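Please arrange chain B on chain A, whose structure you already have, making use of the hints.
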Amino acid sequence: MNEAAPSTLNAKVGHAPGWRGIVADWSSDQRAFKNVSWGKAMMWIFLLSDTFIFGSFLISYMTVRMSTTVPWPNPSEVFALEIAGHHLPLILIAIMTFVLISSSGTMAMAVNFGYRRERRTTAVLMLVTALLGATFVGMQAFEWSKLIGEGVRPWGNPWGAEQFGSSFFMITGFHGTHVTIGVIVLIIIARKVWRGDFDDGRRGFFTSRKGRYEIVEITGLYWHFVDLVWVFIFALFYLW
Amino acid sequence: MAQAETHTDAQQHPIRLYLVVWGWLFILSACSYLVDYFGLVGYLRWSLILLFMMLKAGLIVAVFMHMAWERLAMAYAILTPPLALLVFVGIMVFEANYTLFTRLAYFVTGS
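These protein sequence lines map, in sequence, to chains A and B. Residue 80 in our numbering sits at position 80 of the first sequence, and the numbers go up by one each step. Residue 65 in our numbering sits at position 65 of the second sequence, and the numbers go up by one each step.
Just so you know, the hints here were simulated from the structure itself, not pulled from any lab data. Only a predicted model underlies this, so the values are computations on that prediction, with no experimental measurement involved. Treat the hints with care, as some may be off.
Straight-line C-alpha distance at most 25 Å; calculated SDA-like pairs for lysine to any residue [what the hints assert, rightly or not]: (1) A:K192 - B:H66; (2) A:K146 - A:V70; (3) A:K192 - B:M54; (4) A:K146 - A:K192; (5) A:K146 - B:Y37; (6) A:K146 - B:D36; (7) A:K146 - A:V78; (8) A:K146 - A:G160; (9) A:K146 - A:I95; (10) A:K146 - A:H86; (11) A:K210 - B:Q12; (12) A:K146 - B:S29; (13) A:K146 - B:I15; (14) A:K146 - B:H13; (15) A:K192 - B:Q12; (16) A:K192 - B:H13; (17) A:K210 - A:V99; (18) A:K146 - A:V185.
Here are the simulated distance ranges between beta carbons [stated by the list, open to error]: (19) A:G156 - B:F94: 25 to 33 Å; (20) B:V108 - A:A141: 33 to 41 Å; (21) A:W144 - B:G23: 41 to 49 Å; (22) A:T180 - B:A62: 20 to 28 Å; (23) A:R209 - B:E95: 43 to 51 Å.
Some, not all, of what chain B presents toward chain A, calculated at C-beta under 7 Å [what the hints assert, rightly or not]: (24) S29; (25) Y33; (26) A57; (27) M92.
Beta carbons: idealized from backbone N, C-alpha and C, even for Gly.
This is chain B alone, in the form it adopts within the complex:
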């Protein structure tokens, strides 16, 4: 991370950088739309969707929001807490499977 170039008052980068990132965001969005357009299914669909999602999110945070040029103490303070959401996802996957199991076991009779 090019911390030596950090100068908060003037986040100066060439306009070209933003145009390139903009172009990539368009391409990635088009790709994720095509995943649906061509009706891909299963693990291929889900992995492609998540891949394009993470790439887009990374570009937006790193370049548009200037996180790539912020001091590490700041970047880590903001970027690590959302990882707790992954734990939350794990917990709720467990919970949802249990709910589904009880519904199938006790409530679903034919319909």
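Excised from the complex, chain A in its bound form:
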């Protein structure tokens, strides 16, 4: 019953444009999200809750940074690296940003090829996405060890306000955890796609239900969200 294909749901749903359509959808019986499958709707609602988690982290960072009487360490200098004799501010973070954006690009294409039933291409693109994600986590581990080596702790650092360390480890730690979970999920789903589970209707190990290629898009939603959070962290924590 739950596995009804969205296209069949789609067929019997008409809709008015704009606000009239929204009111009609929300005031109808049983289903507010007419042509959205339950899996996608639930992922969006989870992402909404995650938005509030990261929102709270960033707001608490803003609060401690605004209220401290000690100067905030300059992130441009803290995260600078010497590469081939050149002093480049924030270069590692910039590279991490490009890596994560690239992984979002390959993920978007994986979703597209999934719906075209090209399972090998889809699986390869998902594995490339996972590889880029793992690269990101690796660079983050490098960044953490560099900062810890320089004496940054959640309760203090050599350059200024003590809250810098706690905000940094909390925010990037939570984000890195999200990326790591995403990499694991990507590998699991890519394996299923490669094996052709969604073509021959193989039942899931845990749910014993047949999957659909839509799971690639749902995984993609999570992955793009991780990239989205990084956009905000990059702007508000590293660049501000």
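Relative to chain A, chain B alone:
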């Protein structure tokens, strides 16, 4: 919003669209990095950072996450609640300023 083209089971868009958005995300990220590289300061820095941030976030949500093609009832249900965070920001700006004021008034003596 092109709702007439909504077909959830097959979000089919040309690969070219994703490549173009990917390119724009690269350009915008490079721009925000350059803001730091050239050491811009003050309101110019902050407005540019926020502008590039919102443009990138918009592209990711609208195209990569397909929100532009979702039904409005869904899009509004997901996109409006985060606006509450802006109220939260406002409250905490007020609170942080008050904390700073009390610290400056009662604790900071020289150091």
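Which numbered hints are broken by the structure, listed smallest first?
3, 4, 13, 14, 17, 18 and 21
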